[in-house]
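Here the protein sequences line up with chains A and B, keeping their order.
Heads up: the first sequence runs through residues 1 to 197, numbered per the working numbering.
Heads up: the second sequence runs through residues 198 to 394, numbered per the working numbering.
Simulated from the structure, these hints should not be mistaken for laboratory data.
It is possible that some hints are incorrect.
Pair ranges (Cβ atoms, derived) [said to hold, decoys possible]:
1) A167/A <-> E307/B: 25 to 35 Å
2) K102/A <-> S382/B: 24 to 34 Å
3) A167/A <-> L376/B: 21 to 31 Å
4) R372/B <-> A169/A: 26 to 36 Å
5) K168/A <-> G297/B: 25 to 35 Å
6) D111/A <-> E307/B: 50 to 60 Å
7) L351/B <-> A166/A: 14 to 24 Å
8) E296/B <-> T83/A: 43 to 53 Å
9) Y275/B <-> K168/A: 33 to 43 Å
10) E178/A <-> P276/B: 26 to 36 Å
11) R124/A <-> L318/B: 26 to 36 Å
12) K118/A <-> G297/B: 37 to 47 Å
13) K133/A <-> R372/B: 24 to 34 Å
The beta carbon of each residue, even a glycine, is placed where N, CA and C say it ideally should be.
Each chain, written out:
Number of protein chains: 2
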Amino acid sequence: MGGAIEEDERELTPEIKMRFPISEGDVDREGEEIFVPPLNFAMVDSGVFRSGFPDTANFSFLQTLGLRSIIYLCPEPYPEPNTEFLKSNGIRLFQFGIEGCKEPWVNIPEDMIREALKVVLDSRNRPLLIHCKRGKHRTGCLVGCLRKLQRWCLSSIFNEYQRFAAAKARVSDQRFMELFDVSSSKNLPTSFSCSKR
Amino acid sequence: MGGAIEEDERELTPEIKMRFPISEGDVDREGEEIFVPPLNFAMVDSGVFRSGFPDTANFSFLQTLGLRSIIYLCPEPYPEPNTEFLKSNGIRLFQFGIEGCKEPWVNIPEDMIREALKVVLDSRNRPLLIHCKRGKHRTGCLVGCLRKLQRWCLSSIFNEYQRFAAAKARVSDQRFMELFDVSSSKNLPTSFSCSKR
Numbered sequence: 001m002g003g004a005i006e007e008d009e010r011e012l013t014p015e016i017k018m019r020f021p022i023s024e025g026d027v028d029r030e031g032e033e034i035f036v037p038p039l040n041f042a043m044v045d046s047g048v049f050r051s052g053f054p055d056t057a058n059f060s061f062l063q064t065l066g067l068r069s070i071i072y073l074c075p076e077p078y079p080e081p082n083t084e085f086l087k088s089n090g091i092r093l094f095q096f097g098i099e100g101c102k103e104p105w106v107n108i109p110e111d112m113i114r115e116a117l118k119v120v121l122d123s124r125n126r127p128l129l130i131h132c133k134r135g136k137h138r139t140g141c142l143v144g145c146l147r148k149l150q151r152w153c154l155s156s157i158f159n160e161y162q163r164f165a166a167a168k169a170r171v172s173d174q175r176f177m178e179l180f181d182v183s184s185s186k187n188l189p190t191s192f193s194c195s196k197r
Numbered sequence: 198m199g200g201a202i203e204e205d206e207r208e209l210t211p212e213i214k215m216r217f218p219i220s221e222g223d224v225d226r227e228g229e230e231i232f233v234p235p236l237n238f239a240m241v242d243s244g245v246f247r248s249g250f251p252d253t254a255n256f257s258f259l260q261t262l263g264l265r266s267i268i269y270l271c272p273e274p275y276p277e278p279n280t281e282f283l284k285s286n287g288i289r290l291f292q293f294g295i296e297g298c299k300e301p302w303v304n305i306p307e308d309m310i311r312e313a314l315k316v317v318l319d320s321r322n323r324p325l326l327i328h329c330k331r332g333k334h335r336t337g338c339l340v341g342c343l344r345k346l347q348r349w350c351l352s353s354i355f356n357e358y359q360r361f362a363a364a365k366a367r368v369s370d371q372r373f374m375e376l377f378d379v380s381s382s383k384n385l386p387t388s389f390s391c392s393k394r
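Extracted from the complex, chain A is given alone in its bound form (with noise of 0.2 Å):
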């Protein structure tokens, strides 16, 4: 997955690449490309999708999920081989710098959520993915939030963001996604599901 390797593999031919196969992704024992989805990768709902930091043993498979944007929820710069990717797949980068502080010193900054919730909203930037280092809190915050949105009760918001958390969920995050409050949003879509009815 170096450097000096991607660029031979521009010069192999399918077949050879096929025998050989030196790719961004991994391929099983008859060739066929495996996908290797990023960390907590998961659908939240039709056209938004949440994970851990991208990295290029991802791309092949995030090229798979046609998307438009993706939302970064971390302050420090993004890389240059994923934002080369983002460039090559005309997709648009949102980011909201939010600390990756450690309890008590928790902050998670209200307004940068509401901002990043209106990109998640607006069906143009879909399909999409939410991201930022382990898809566990700030990332869950945010889908939390959505959550509240889409009237979804607390018990089943915490199991969600638990299921990501784990033995690292936070009881400040659940507090935050707990008091944010919704009641000024009243006609938002419970769901995007793109139903066949």
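Dock chain B against the given chain A, drawing on the hints supplied.
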């Protein structure tokens, strides 16, 4: 949520229902319905959902999904309220009676998983919900085999399985998914995603 209260509910005007909410779902302080997704509910792919056993509290949420079918992976008969819910919403039930044995007596029947997969892959059956009792083992195995068809790498399949099974994760289930042969199923979609592109 008892039977007698549900009978009464039909007599109440919408206005009174809002002030004295008695429904299968729940309402918030403004009288708006709050949805209660089933335990371990998640979206697997577009039009494919998974969960633990849905009870009456979950019915109004399930209605928002516009389900066409339910795949039920336990041998026990479907309870009367659930059967009624399916009838009144035109949802077809596909039951595959996989025993919920504990290790080391676990035996996931491959033929049933293959039959269930056929139901998932037939777009006429979607949107659909896959569920067993807890949404961990039987549901996890079926979803894991679907991921193999979607050519996910094993570590991502196990990452997803473990997210739901958590402390109850079974090596035998993971071994079943690892051994599940998809070499004869070549031309399947890697995603059901209803991409906006």
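Hint check results:
1. A167/A <-> E307/B: 25 to 35 Å: 33 Å Cβ-Cβ, so the 25 to 35 Å window holds.
2. K102/A <-> S382/B: 24 to 34 Å: violated, 45 Å
3. A167/A <-> L376/B: 21 to 31 Å: holds, 30 Å
4. R372/B <-> A169/A: 26 to 36 Å: About 29 Å separates the Cβ atoms of R372/B and A169/A, which means 26 to 36 Å holds.
5. K168/A <-> G297/B: 25 to 35 Å: Hint holds: Cβ distance 30 Å, inside 25 to 35 Å.
6. D111/A <-> E307/B: 50 to 60 Å: Given about 52 Å between the Cβ atoms, the range holds.
7. L351/B <-> A166/A: 14 to 24 Å: holds, 20 Å
8. E296/B <-> T83/A: 43 to 53 Å: holds, 51 Å
9. Y275/B <-> K168/A: 33 to 43 Å: At roughly 37 Å between Cβ atoms, K168/A and Y275/B fall inside 33 to 43 Å, so the hint holds.
10. E178/A <-> P276/B: 26 to 36 Å: holds, 32 Å
11. R124/A <-> L318/B: 26 to 36 Å: Once the Cβ atoms are compared, 31 Å apart, the range 26 to 36 Å for L318/B and R124/A holds.
12. K118/A <-> G297/B: 37 to 47 Å: holds, 44 Å
13. K133/A <-> R372/B: 24 to 34 Å: The hint (24 to 34 Å, Cβ to Cβ) holds, given that K133/A and R372/B are roughly 31 Å apart.
The earlier numbered hint that this structure contradicts is number 2, and it is the only one.
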